[in-house]
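Those protein sequences? They're chains A and B, same order as listed.
In terms of our numbering, the first sequence opens at residue 172 and continues consecutively.
In terms of our numbering, the second sequence opens at residue 237 and continues consecutively.
Treat each hint with caution, since some may be false.
The calculated lysine to aspartate or glutamate pairs, modelled on DMTMM-like cross-linking and capped at a C-alpha distance of 25 Å, are [as the list claims (entries may be wrong)]:
#, chain 1, residue 1, chain 2, residue 2
1, A, Lys421, A, Glu368
2, B, Lys403, A, Glu206
3, B, Lys407, A, Asp355
4, B, Lys403, A, Asp355
5, B, Lys403, A, Asp216
Hints are computed from structural coordinates only; laboratory data are not their basis.
Residue strings, one per chain:
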Amino acid sequence: MSIRERLSGNEATAYAMKQINPDVVAAFPITPSTEVPQYFSSYVDNGQVDTEFVAVESEHSAMSACIGAEAAGARAMTATSANGLEYMWEMIQIASSSRLPIVMALVDRAISGPLNIHCDHSDAMAVRDSGWVMLFSETNQEAYDNMLMAHRIAEHKDVMLPLMVCQDGFITSHAIENIELLEDNKVKEFVGTYKPEHYLLNREEPIAVGPMDLQPYLTEHKRQQTEAMNNAKRVIAEVAQDFEKMTGRKYDFFEGYHLEDAEYVVICMNSTAGTVKNVVDSLRANGVKAGLLKVRVFRPFPGELIAKALEGKKSVAVLDRVPLLNATGGPLYEDVTSAMFVEGIHVPTVNYSYGVGGRDVTEEQINQVYEDLQNLNDMSNPYRFLGLKERR
Amino acid sequence: MKDLIEIRWHGRGGQGAKTASLLLADAAFNTGKYIQGFPEYGPERMGAPITAYNRISTMPIRVHSNIYEPDYVVVIDDTLLTAVDVTSGLKEDGAIVINTTKTIEEIAPLLNDYKGSVYTIDARKVSEEALGKYFPNTPMLAAIVKVTEIMPEEDFLRDMEGSFKHKFAKKPEVIEGNMKALSLALEQIKKIQ
Chain A
172 MSIRERLSGN EATAYAMKQI NPDVVAAFPI TPSTEVPQYF SSYVDNGQVD
222 TEFVAVESEH SAMSACIGAE AAGARAMTAT SANGLEYMWE MIQIASSSRL
272 PIVMALVDRA ISGPLNIHCD HSDAMAVRDS GWVMLFSETN QEAYDNMLMA
322 HRIAEHKDVM LPLMVCQDGF ITSHAIENIE LLEDNKVKEF VGTYKPEHYL
372 LNREEPIAVG PMDLQPYLTE HKRQQTEAMN NAKRVIAEVA QDFEKMTGRK
422 YDFFEGYHLE DAEYVVICMN STAGTVKNVV DSLRANGVKA GLLKVRVFRP
472 FPGELIAKAL EGKKSVAVLD RVPLLNATGG PLYEDVTSAM FVEGIHVPTV
522 NYSYGVGGRD VTEEQINQVY EDLQNLNDMS NPYRFLGLKE RR
Chain B
237 MKDLIEIRWH GRGGQGAKTA SLLLADAAFN TGKYIQGFPE YGPERMGAPI
287 TAYNRISTMP IRVHSNIYEP DYVVVIDDTL LTAVDVTSGL KEDGAIVINT
337 TKTIEEIAPL LNDYKGSVYT IDARKVSEEA LGKYFPNTPM LAAIVKVTEI
387 MPEEDFLRDM EGSFKHKFAK KPEVIEGNMK ALSLALEQIK KIQ
């Protein structure tokens, strides 16, 4: 029996961390993820977990402390947003290249500047090729469920990569919604204990972590990181199967909503997907074959599967919750269209920058996208903006 | 109750609009509903206009947008009537609940010809009588529960007593006053249009 509750996304994340009871949590507060370590530290204070909580003086140190703890053989977690993640930047790569399965809650927020504390995905996208597994979450429920699956994926011996669970700042992190929680003992059993193969505190096997790695072997080590990321696909699928057996909740690389017979497809991630589902329902009621493809696993990118799911569609819109600053497409668009090219699938596909800096994403805006998809005659500029106020 | 009701709260920073929206979500949750309670965070300052939202539904809620066409609007501070378009998008079969001592003649010109129901309550009087201080959000919470009929009054009071016992575990002396504020508000809210 699951437990019916109502929690914000941040509360749900902190609750998952309590049930996981990691060895170390090191964090520095930043809006909108502050509540995660805040709630977690009260669990520490109340003795509900036996985690070593390290109140560091910066995010760079938060990630460094997690790296030290994981290298020693402990299970370490952290949470951050936006500029906090940017301040970790150097250590983000050290964590993944050292093959340390740290798990992080990333509460997505626009990166400065100008200063903005609200949701977009520019923080996550700035680290998208840093060797971390990246899971995205539509709701508080998905943020919780992804967190419960995180360690099984990250710590698998064929993966051994850090993992971040992303959710939308404020939109889900600060909204109270219904959620189904699992009992502590079920979580404990599902997540299991961390038994690293190699770790610094093993006196029987002295090792070096993070040594210099020059011309002779860096290429091979990077190839192994690639292999680990590829292996993560299999492991993510296996863990999701086990999770479904326990909860009945099915998770895949992406979720299709009326996707199979859809003619017009919107692709997006996180909270916007819920709003798109409402629009799909109303369009379907009017005979428009609308569908949604919501990406859950962004890294490793399931390009082949996504491309094949788009075969034969009339048109596709990829929504990137980031500013478009490269004079071509947003990151999700580039990934989707390049996967389509590689698979030889040619469907007119346009890109929208939307919801930047917390701009509210309405059903009206999504309706506009489907409207555009049904009248896609001019592909001369596929790079578009949604919900723009200025006249252009 | 309809399958989905949407509520928009207008208050000023420090008056507890966010807390009220979360307490309303709690109360509705306890009746078995699907709920959303979320504030619209801006540059938060004491006294600045703030907005919070509730969705209460018999079905799972998927939409993650603000509310533009609410069924109900709650105005915690009547000085907002001249500062914010509080009736924007408000459905005519819905209602607006305002914390004020003003009459309908005084208020009507500030409501953009709103044709739906208008309720008022003097939340300052209720709060000062029950709590000895001005916390308008507790009476306004009771007022909106009464107007929306999302749950029977007795269930609401019983449920809130549980919430207050939890919320004020470290200062139990304020529980009685808050409960009194709720019951006074349930009695004193009046329909003026």
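Quick rundown of the hints versus the structure:
In summary, the hint linking Lys421/A to Glu368/A is not supported, as the alpha carbons are separated by about 30 Å, beyond the 25 Å threshold. Taking the CA atoms of Lys403/B and Glu206/A, the gap is near 17 Å; set against the 25 Å cutoff, the hint holds. Pair hint Lys407/B plus Asp355/A does not hold up; C-alpha atoms about 30 Å apart against a cutoff of 25 Å. For the proposed pair Lys403/B and Asp355/A, the alpha carbon gap of about 24 Å is at most 25 Å, so the pair holds.
A hinted pair counts as satisfied when its Cα atoms are at most 25 Å apart, and Lys403/B with Asp216/A qualifies at roughly 18 Å.
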